[in-house]
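With the hints as constraints, model all of the structure from the sequences given.
Protein sequence lines correspond, in order, to chains A, B and C.
At position 91 of the first sequence (counting the first as 1) the number is 91 in the numbering used here, and the numbers step up by one without a gap.
At position 109 of the second sequence (counting the first as 1) the number is 109 in the numbering used here, and the numbers step up by one without a gap.
At position 122 of the third sequence (counting the first as 1) the number is 122 in the numbering used here, and the numbers step up by one without a gap.
No lab work stands behind these hints, which were simulated from the structure alone.
A pair counts as met if it fits within one copy or between any two copies, since identical chains are not told apart.
Within a straight-line C-alpha distance of at most 20 Å, the following computed DMTMM-like cross-link-like pairs (lysine to aspartate or glutamate) qualify:
no., residue 1, residue 2
1, Lys-60, Asp-84
2, Lys-60, Glu-80
3, Lys-60, Asp-79
4, Lys-12, Asp-73
5, Lys-60, Asp-73
6, Lys-68, Glu-16
7, Lys-12, Glu-128
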Amino acid sequence: MVETQSYRFQTKGDGEMVDLTPEMKMAISRSSISSGIVTAFVPGSTGGITTVEYEPGLLKDVPELMEKLVPRDQTYAHDETWHDGNGFSHLRAALIGPDITVPFTNNRMMLGTWQQVVFLDFDNRPREREVIFQIMGE
Amino acid sequence: MVETQSYRFQTKGDGEMVDLTPEMKMAISRSSISSGIVTAFVPGSTGGITTVEYEPGLLKDVPELMEKLVPRDQTYAHDETWHDGNGFSHLRAALIGPDITVPFTNNRMMLGTWQQVVFLDFDNRPREREVIFQIMGE
Amino acid sequence: MVETQSYRFQTKGDGEMVDLTPEMKMAISRSSISSGIVTAFVPGSTGGITTVEYEPGLLKDVPELMEKLVPRDQTYAHDETWHDGNGFSHLRAALIGPDITVPFTNNRMMLGTWQQVVFLDFDNRPREREVIFQIMGE
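Quick look at the structure:
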């Protein structure tokens, strides 16, 4: 069985981390599937999905790490093509990746106690975002 | 239902990015599955799969980022084992990862408009490559 | 069909790489599913899963790369919250990601000859770990 759900939300951009876990839990509850996998996927090339402990310290640390690994104020060839100044956003998104797949049983995702699924908005401006939850199982 | 397809192609190595999207679309069209997920996976430890906007600027930026994060001309212990000089290739591949899972409905992958699935060949020589498309759904 | 298995093991922490491949093969053998995908997932926010050639050189190179990208002896905001000194572990785990999805057919994972699925323990102390193998297919 396959069920497709999605979550729309507003972001501020600039590395904002959004906790997707409550919406993913609800998506699984609403579905008729009790065991399987849920794939969270962002249709877009300037956002990423991973897991992290969603606490105030890491809300600062993760964007700082991304700034260190892929600095914003560097010249990227992408910006010479499009002049939208978000070459760094694309590179950060390619590094983190747009997808995650989480197993669940008895309607519960098998996450650790301090582990949340997060969306990272790497774009350089506020965005209306959509994340797909593809639920597969039985 | 499960359907396995694969795509074989030639690369030049050295960070070349190959757009897998057209082949993945065809794989889904050829299959009898209309909704589900497709996992693209490279059987090999010197290639990676992610998504990116496939445009000329990022075709330069992504390899340059990988060179900055994991420089080629550094001494890696791997090279002392095998003397094939591609320690950096293995490290880049481990960082990006060999897999991606993309949801689809009505035979269409739910990618963003400017988002392509790409294979990154991190090896230091041309390669004959194969990528597996495992299609699951109903 | 869905089958859930898991693997418990002891680590030393500090970047230790554990080869999950033999246990994943056994999990698939034990299951009644012959073709599909297996998702390996770590419930926890200080470990990562990827693929790499499991050989002595890369067992040194991968931890060294992680130390270069996300140094241990830097001040992270996470450590000011929890004072457990493992901010770097969380950041490394978010970068590598907690999941991987591998296709299999005829009970065999479609890995490359020199490609192993590995768990990376980024925590700063020995841990009792569990990795989930969610097997889906027919």
